[in-house]
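Novice: These are the residues of each chain, in order.
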Amino acid sequence: MFRLEARTSTPAWFNLALPLIAIAVTLVLCSGLIAVAGAGVVEAYGVMLSASLGDSYAITETLVRAAPMIFTGLAVAIAFRAKFWNIGAEGQLLAGAVASCFVGAIPMPGYLAMLLMALVGAAAGALVALVPATLRVKFKVDDVVSSLLLNSVIYYALMALIEGPWKDTFSGYPISPPIEDSANFPVLIEGTRLHLGVVVALIAAPLCWFLIARTTLGFRIRVTGENPEAARYGGINVQRVLISTALLSGALAGLAGVGEVGGVHFQVMSDISPGYGYSGIVVAMLARLNPLGVVPAAIFLAAVMTGAEAMSRATGVPAFLSDVIQGTALLAMLVALLFTAYRIRRVRASA
Amino acid sequence: MSASLIEMRGITKSFGAVKANEGVDLSVAPGEILGLLGENGAGKTTLMNVLFGAYAPDAGEILVEGRPVAIHNSADALAAGIGMVHQHFHLAPRLTVLENLLIGIAGKSGRIDRARGLARLTEISRQYGLSLDPNLPVSALSVGEQQRLEIIKALFRGAKLLILDEPTAVLAPSEVDGLFAALRSMAAQGLGIIFISHKLNEVRALTHRCVVLRHGKVAGRVDHPAGTTSAEMATLMCGHEIVPPVKEASTPGASVLTLDGISTSGHAGTPLRDVSLFVRAGEILGIAGVSGNGQRALADVISGMLPPRSGTMTIAGKKVAQFSPRELQALGLGRIPEDRMTTGLVTNLPLVDSMVLPRIGTEAFSRKGLLNPAAIRAFAEAQIEAYDIRCPGPMVRAGALSGGNLQKALLARELAFDPKVLIVSQPTRGLDIGAARFIHEKFLAMRAKGCGIIVIGEDLEELLMLSDRIAVMYEGRIAGTLPSADATVARLGLMMTGAGHTGEAA
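Taken in order, these protein sequences are the chains called A and B. Each residue of the first sequence is one higher than the one before, starting from 970 at the first, in my numbering. Each residue of the second sequence is one higher than the one before, starting from 181 at the first, in my numbering.
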């Protein structure tokens, strides 16, 4: 017989081991689905691995995909540290994409355009995140619900734009006009899609870590998240911290959208994000809300996404497996988190 | 000797390298009240958690009415007739008294028989003198009433042995008498009771027999608690004699904190009505009163959590403008909250974070928004050393420390900045003798250094021992102030009930 017992302390190596165990469990569970789909498990995972990380081009493709999830992962990780439940990274990303696309379409020198795209995109994301934060601080509205529902509002507003006034007159498709060529983010390696935004994402992670670990704002975010009452007693303006966190989180998610417009798509369409905002939640949880952990977690999910497409072509297993792996990884991680607070103890079955 | 209701034999339980219990034997007969004594960390709670099935013992056995039983969880414990009233209650606040009793005991059909539940509640109420309105929501009950409901809940489920973990820690003195009357009545009717406490006078007044734990082992057994002195029991608990601290005579200086006509509104508890008081440098002012007479509002106003509706407050001659924690700290106020775990500390973060929390934005710990990790760590390490805070280091999770060590940490974080005034609420609630003694000595040392201290408390003996003057609160007002030389428990008790307006208005 087994039972759960409360832990008095959590070993340090758990922080690293838990996500790895969760990922291993996820891959084992999903191998069942691969088998059901009639493919060889080793072969399928092999194709996934080689297509996502097998050569330098595959690696750049994976990094390009990881970039928006690094941003949304950071957005969610910082918000969750303060217990501001921002489920709205998706909407904030879309707002950032739309705003930066508007700016990028205005003729001006390239570097100025890129800088303005980033600033305006981040501001748009921040503004969207401000809505659920203000509702919570002023009216105690549940931030999970309001930030989640706002995603739909933003999505349909975007659809209305690109189906209506903002429709590209040249192609006639429901997509926005492209940004100026000079505003396209520079490609770092010839023949790949590895753009400047990816590097910005990789730099943003240690900056966010520094913010959380080494600044007074980061301290206040951590303390407010863990115990708002003690924070208030300690002289911290809890409402102001929540608002600051929301602005920061929204700005990071907005930058995810800026990168997609400036570095990948150069315009806005309805499927500009395949749910990067939601994937950000998985990334942040796998990273245990540590900004440095966000990078490997985002790369893992990106590898699964790029790998799943190749696997689908090679073995016939539907590419939807990538979504299943994401969901399973989140669930496995949530279960794994249980073991930071509890341990399993074997009990001798006696009379 | 009658057969034991419960017997624990050779119970051993380790957490890693720490032996929380080692070879503990204990038994309770029907009709007996057993006191379980020990300092914090002596293993009392672990032992009872083993009995109630929260922990599996590494060795040893449990016998109920002579038969060995295996208790793996609380359901097993309840089935064996063991009920436990924890320090922190497990009640559903939105449900009524009766609904809380019916939780988890619906019949096999899934139907809940309210009428039968009500009949049983009435029967228990009459049998043991524990009355409660069955239709009141739990959120409307006082702490004492919630505890009564927890006791009724255990009896409702057929407990023959009732474990109470420091039940008086949350009660006002008047409520304690009611609890003791009920416990005596239960024992007289054949129930067994294990009473965990470290308040020696209560143990001596209530229990028939005592087991004293120290470092996880039985340090001694007391067969006639009423005929044993508190000093003898304290020596068993600590392993050495405890000498009360000496309060030296001092001449108070100028007033360092003055409240003038403070009234409040919009507070969950009793609001303050025209409260005026002062404390001078080198003086300790005790605030006595039955819980719920405005003490919380007073502490909240002085510590900057509740701006008053009217009235003024002055710290060291400077008028307080905003009543924010930061402003008050800057004026030289030190604050120690009533509830260490929820208001004082961030239990999930490293201890060091809680120790620097109130002053994180000051030059001591940061500059231009950037933390100074070296200074923060050095501060925490110095305080841990100076206050003998027992912990593996500043990076340990704060929640892993015992109450006494947490209180020391809170004391350290304030006293390190040499406050001119210190406001503390219930400074030694839940602490053992050794830790309480340490806290008292620190207060007296600060008094000698010229700090003015306000101690809000319910333990009159403690207030009499520490204070130079004692003010009594009644219904949000100061009912009167006495020099402690003129104060006695009886006289204060009278003032606390609103009778006998004596002494000068502060």
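In short, the hints are calculated from the structure, not lab data. None of these values were measured; they are calculated from a predicted model. Warning: the hint list may mix true and false statements.
[As the list claims (entries may be wrong)] Estimated spans, in silico, between C-beta atoms of each pair:
| # | chain 1 | residue 1 | chain 2 | residue 2 | range |
| --- | --- | --- | --- | --- | --- |
| 1 | B | Ala-566 | A | Thr-1161 | 19 to 25 angstroms |
| 2 | A | Arg-1183 | B | Pro-273 | 38 to 44 angstroms |
| 3 | B | Gln-307 | A | Lys-1052 | 43 to 49 angstroms |
| 4 | A | Ala-1006 | B | Lys-548 | 55 to 61 angstroms |
| 5 | A | Ala-993 | B | Glu-421 | 32 to 38 angstroms |
Even glycine gets a Cβ: it sits at the ideal position worked out from N, Cα and C.
Novice: Hint by hint, note whether the structure agrees.
Specialist: Taking the hints in turn, this is what the structure says about them:
1. At roughly 59 angstroms, the beta carbons of B/Ala-566 and A/Thr-1161 sit outside the given window of 19 to 25 angstroms.
2. Separation of A/Arg-1183 from B/Pro-273 is about 40 angstroms and conforms to the stated range, judged on CB atoms against 38 to 44 angstroms.
3. Taking the beta carbon of each, B/Gln-307 and A/Lys-1052 are about 46 angstroms apart, inside 43 to 49 angstroms as hinted.
4. Between A/Ala-1006 and B/Lys-548 the C-beta distance comes to about 57 angstroms, which sits within the given range of 55 to 61 angstroms.
5. Checked against the given bound of 32 to 38 angstroms, the beta carbons of A/Ala-993 and B/Glu-421, roughly 58 angstroms apart, lie outside it.
Hint check: violations occur at hints 1 and 5; the rest are consistent with the structure.
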